[in-house]
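Asker: Order-wise, the sequence lines are chains A and B. Under our numbering, the first residue of the first sequence is numbered 3, with each subsequent residue one higher. Under our numbering, the first residue of the second sequence is numbered 171, with each subsequent residue one higher.
It is worth saying that the hints were derived from the structure and are not from the lab. Among the hints, a few may not be true.
[To be verified] Label pairs and their calculated CB-CB ranges:
hint : chain 1 : residue 1 : chain 2 : residue 2 : range
1    : A       : Ser440    : B       : Trp237    : 45 to 51 Å
2    : B       : Trp237    : A       : Trp62     : 22 to 28 Å
3    : B       : Arg214    : A       : Glu51     : 25 to 31 Å
4    : B       : Arg214    : A       : Glu12     : 17 to 23 Å
5    : B       : Glu261    : A       : Met78     : 45 to 51 Å
6    : A       : Val437    : B       : Glu261    : 21 to 27 Å
7    : B       : Trp266    : A       : Val437    : 57 to 63 Å
8    : B       : Trp266    : A       : Ala31     : 42 to 48 Å
9    : B       : Ser284    : A       : Arg16     : 33 to 39 Å
10   : A       : Leu85     : B       : Glu261    : 28 to 34 Å
[To be verified] Facing chain A, a subset of chain B residues (Cβ under 7 Å, in silico):
hint : residue
11   : Lys189
12   : Trp193
13   : Gly194
14   : Pro195
15   : Gly198
16   : Glu206
17   : Tyr221
18   : Pro222
19   : Arg229
20   : Tyr248
From a predicted model like this one, the values you see are computed outputs, not experimental measurements. Each residue gets a CB set at the ideal place from its N, CA and C atoms; glycine is no exception.
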Amino acid sequence: MDDEIEFHVEERIREYIARGMSPAGARAAALERLGDLGAVRSECTQLLEEDRRAEARRDWFDDLRQDLRFGVRSAMHARVFSLLAIFTLALGIGANAAVFGVVKSVLLNALPYTDADRLVRVYARMEDASMERSSISAGVTVDLSERQHVFARIAPFFHGTLDVTYVGDAGPRIASAALVGPGFFQTLGVAAARGRALVDADAKTGAPNVALLSWPAWQREFGGNASAIGRSVRIDGDSYEIVGVLPRGFVGPMGAVDFWLPLDLGPALRDPIRARKQHWLGLIGRLTPGATPLAAQREVTRIGADIARDHPESQGGMALWTVPLRDDMVGDTRTPLLVLMASAGLVLVITCANLAGALLSRSLARRKEFAVRVALGAGRGRLVRQLLTESMVLALAGGAVGLGLAALCLTSLRQLTIPSLPAYADLSLDPGAVVFTSIVVLVTGLAFGLAPALSVGRGNTQGVLRDETRGTSEGRRTRRLRGVLVSGQIALCVSLLAGAGLLVRSLWAMATAPLGFDPDGVLTVSVQVPSHAYASPEARIRFFDQLEERLRGLPGVQSVATAGELPSPTMNRNGLSIEGVTWPAGEGQPFIAYASVSDDYFRAMRIPLREGRTFGPQDKAGATQAIVVSEGMARRYWPRGGAVGARIRVGPNESFPWAQVIGVVGDVRNDPARLQPDPMTYASSRQDAWGSRTLLLRTSSDPLALVKPVQRELAALDPSFAIHDAKTLRALMSDRLASRRLPVVLMIAFGGLALMLASAGVYAMFASMAAAREREFGVRVALGSSRAAIAGLVLRQGGVWMLVGLVAGAAGTVFVSRSISELLYAVRPFDPIALGSAAAILCLCAAAALLVPVRRATKADPIAVLR
Amino acid sequence: MFAKESGLLQGTLELLVLKTLSWGPMHGYGIASWIETATDDVLRVEEGSLYPALYRMTRKGWIGGKWGTTENNRRAKYYHLTSEGRRQFVEQTSGWQRFASAVNQAVASTRAPSWAR
Chain A
3 MDDEIEFHVE ERIREYIARG MSPAGARAAA LERLGDLGAV RSECTQLLEE DRRAEARRDW
63 FDDLRQDLRF GVRSAMHARV FSLLAIFTLA LGIGANAAVF GVVKSVLLNA LPYTDADRLV
123 RVYARMEDAS MERSSISAGV TVDLSERQHV FARIAPFFHG TLDVTYVGDA GPRIASAALV
183 GPGFFQTLGV AAARGRALVD ADAKTGAPNV ALLSWPAWQR EFGGNASAIG RSVRIDGDSY
243 EIVGVLPRGF VGPMGAVDFW LPLDLGPALR DPIRARKQHW LGLIGRLTPG ATPLAAQREV
303 TRIGADIARD HPESQGGMAL WTVPLRDDMV GDTRTPLLVL MASAGLVLVI TCANLAGALL
363 SRSLARRKEF AVRVALGAGR GRLVRQLLTE SMVLALAGGA VGLGLAALCL TSLRQLTIPS
423 LPAYADLSLD PGAVVFTSIV VLVTGLAFGL APALSVGRGN TQGVLRDETR GTSEGRRTRR
483 LRGVLVSGQI ALCVSLLAGA GLLVRSLWAM ATAPLGFDPD GVLTVSVQVP SHAYASPEAR
543 IRFFDQLEER LRGLPGVQSV ATAGELPSPT MNRNGLSIEG VTWPAGEGQP FIAYASVSDD
603 YFRAMRIPLR EGRTFGPQDK AGATQAIVVS EGMARRYWPR GGAVGARIRV GPNESFPWAQ
663 VIGVVGDVRN DPARLQPDPM TYASSRQDAW GSRTLLLRTS SDPLALVKPV QRELAALDPS
723 FAIHDAKTLR ALMSDRLASR RLPVVLMIAF GGLALMLASA GVYAMFASMA AAREREFGVR
783 VALGSSRAAI AGLVLRQGGV WMLVGLVAGA AGTVFVSRSI SELLYAVRPF DPIALGSAAA
843 ILCLCAAAAL LVPVRRATKA DPIAVLR
Chain B
171 MFAKESGLLQ GTLELLVLKT LSWGPMHGYG IASWIETATD DVLRVEEGSL YPALYRMTRK
231 GWIGGKWGTT ENNRRAKYYH LTSEGRRQFV EQTSGWQRFA SAVNQAVAST RAPSWAR
């Protein structure tokens, strides 16, 4: 533009001079005619600038379209390469999307309550750390709600869920129910989706029986029909009116149940034993505006200390504490989830490194194509952009397939209904997860495309075009880049394998350590006795005696027993008193796991008797209560022996007469995830008759074949109630480990994937190295070099990078085992077997991967090469 | 003449540029000179508005510019009409002629309006 104006002015000057003006005068006149030069120039510049921008935009989109078309075409051209790339990307991205889907629904999504951040759960804990998340007594909930100022609303509820017999259209079934105190739904800030929620008046003594349905139960039992509200249903023999339906997706802090029933604390509070000595309530509170969880923690702890001082007999050694409700419901899934997310991320990084290596080889093979394009006028930036577009095309395709895989994974995970995940987690790929995946896709495409893209266009175009034969050799830079990529893959792979190995070892330790009983060949069936028909303990005892007698007659049955509770991590616990022993004031009474069992329980479970005797017919109602304790318990409280014959009391009621220890049996591990057995106390089912019991049938054949006969016998005895949860004891124990197993299985899958990718990377590195030096090797062979010497040459060149990878992997392993140490049981973080086998597996796979290319290098034919 | 502020005359400048280029490609200085010669120096092109007008017309796609050399071997940017420019030229010429003759007719009229009688 300046040239143009300058030309104009000069022409004008020439004209004026021709007309007879002096040069200086002519110049002044010419400039004057042009007017304000600056203004003209800036106006023109602006116009030009706008032009240029519009054009650049047009060009950019044109180029993009062209690049995309070209990218798709070149991907179609190298079909096998593209399919492999898309497949590995799909696995890497799919793994991330799926794990993120779980992480998001568990850790990030909102709880199904209003302002869930303001909700806090109150627990008790024993000062001696024997119980961390204990329920609290009715008295304490009242004391706490009277003395506290930090909560706007506070609500007690029965800490667990319970099984009830529900009589619907399809006959009697077992349903689940929760008992919630006044203000429960108001505290959570949840209103009914249909009808009304429970209100304080529903929990008043003498109020009519009402029940609230969960959304799934409403769909299942009433087909989602609005007429369900106002209907009356029979639950445990009582009639309840349905007053409302809770919103879809609502679950309580205790889990998901079918029926929500009001809980009246009145009777419990009037009974001095039940008010203070039974710890059976959970408590949630909503913080007052302005109060922080920390303030709540301080106040609750202080009040807890006050209560313990006021009621040392029931609260001694027990402290109150709070935890934000979300943290409580997320529970111990946080660490495994984060570990899995990190592992999935590592797999994706390995995928990127792997594809970067593969693209590097590919761009070497395409050097000629690039040289031609440069010769035809393509700039380096243009080439880089082209290659990045190509890798983006691959990443997008891989991402799309990966998203599909992730959706499939989550669907199957949903069907597994993993007990370890919080009940509110809905496990789906919502828009947030899709956005996350898209970002992952873009970053991935950039990550694996950048290095190869930058490596092109650096070479000497003319040389490449002229020299046909050397078109496939690689330069120093590329070789180093590839080496770094491979050693990175090896390092990450070793770390992942080591992590997986440690988890496998600890799962193995949990699964194989003796449980203390024999879970094989035993069928377990839960039986819920209707409390109305069998109100007295005698009726219940008679019923179970008859049932056991009938079942003993079934073919193949070796022994039959019943237990109030099977070994589980959440067993009922009772306070322990020992005659003549006062517990230290600071510690208070210990709480010991407790089960009421029938005479043959120890035989059916194959728990060995160590001392004294087990229960017999003489331990009947009215006789001195007999107690059997576990070895560990005997060792702890009677370290010098003499447990048998000792007088103790289990349970809250101090007016009960002393019970007597009649025998000592072997320890059992109630929680298969813990290697240390819990102390146990057992009472006879004749002296403590529970209405809800589990049948145990030991058989010499397949336990599940007994389900039908058991059902028949039960129906013959009393057709009015159903059985549920028929399972082998082995399966039941295995379920308890399911939550531990899932992260381990996924870690193994990730480790395997990483191993596959890293092996492919090692193979590619050696293959391209051998190919590049084929001519040289031919010459060496011709000059008398041995095959072994050539193999050594190749191995040395690649081996250095593998070694670097292993050393870096060792460092990564330290980091990995630190971060998963929380998930390890009975295995040291630096377990030599786990770490050694991880390294060995990797070296084995790498050796297998490098065998072919190294063999090919040694086969270099001197004659063909020299010719 | 051809003040930048006047929209009417702005349009006139564009028409004159189109007319000039209808003879063949020419540079900015040549365009200005030709207009002056063709109007017997009655219309003097305000050079401050000529170049912005040329760029604006380039953006509208009426004319295009190419660097070339003059008879005395100097580099100059030559503008030429595009097909769109040619279409614009025909259209604007007839428009201008109707406008000018109408103004002319009014200015040259000898019939007094009724209110002046």
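Asker: Please go over all the hints and tell whether each is borne out by the structure.
Answerer: Hint by hint, here is what the structure shows:
no.: 1; hint: A:Ser440 to B:Trp237: 45 to 51 Å; verdict: holds (47 Å)
no.: 2; hint: B:Trp237 to A:Trp62: 22 to 28 Å; verdict: holds (26 Å)
no.: 3; hint: B:Arg214 to A:Glu51: 25 to 31 Å; verdict: holds (30 Å)
no.: 4; hint: B:Arg214 to A:Glu12: 17 to 23 Å; verdict: holds (19 Å)
no.: 5; hint: B:Glu261 to A:Met78: 45 to 51 Å; verdict: holds (49 Å)
no.: 6; hint: A:Val437 to B:Glu261: 21 to 27 Å; verdict: violated (52 Å)
no.: 7; hint: B:Trp266 to A:Val437: 57 to 63 Å; verdict: holds (59 Å)
no.: 8; hint: B:Trp266 to A:Ala31: 42 to 48 Å; verdict: violated (31 Å)
no.: 9; hint: B:Ser284 to A:Arg16: 33 to 39 Å; verdict: violated (58 Å)
no.: 10; hint: A:Leu85 to B:Glu261: 28 to 34 Å; verdict: violated (58 Å)
no.: 11; hint: Lys189; verdict: violated (19 Å)
no.: 12; hint: Trp193; verdict: violated (18 Å)
no.: 13; hint: Gly194; verdict: violated (18 Å)
no.: 14; hint: Pro195; verdict: violated (14 Å)
no.: 15; hint: Gly198; verdict: holds (5 Å)
no.: 16; hint: Glu206; verdict: violated (10 Å)
no.: 17; hint: Tyr221; verdict: holds (5 Å)
no.: 18; hint: Pro222; verdict: holds (5 Å)
no.: 19; hint: Arg229; verdict: holds (6 Å)
no.: 20; hint: Tyr248; verdict: violated (10 Å)
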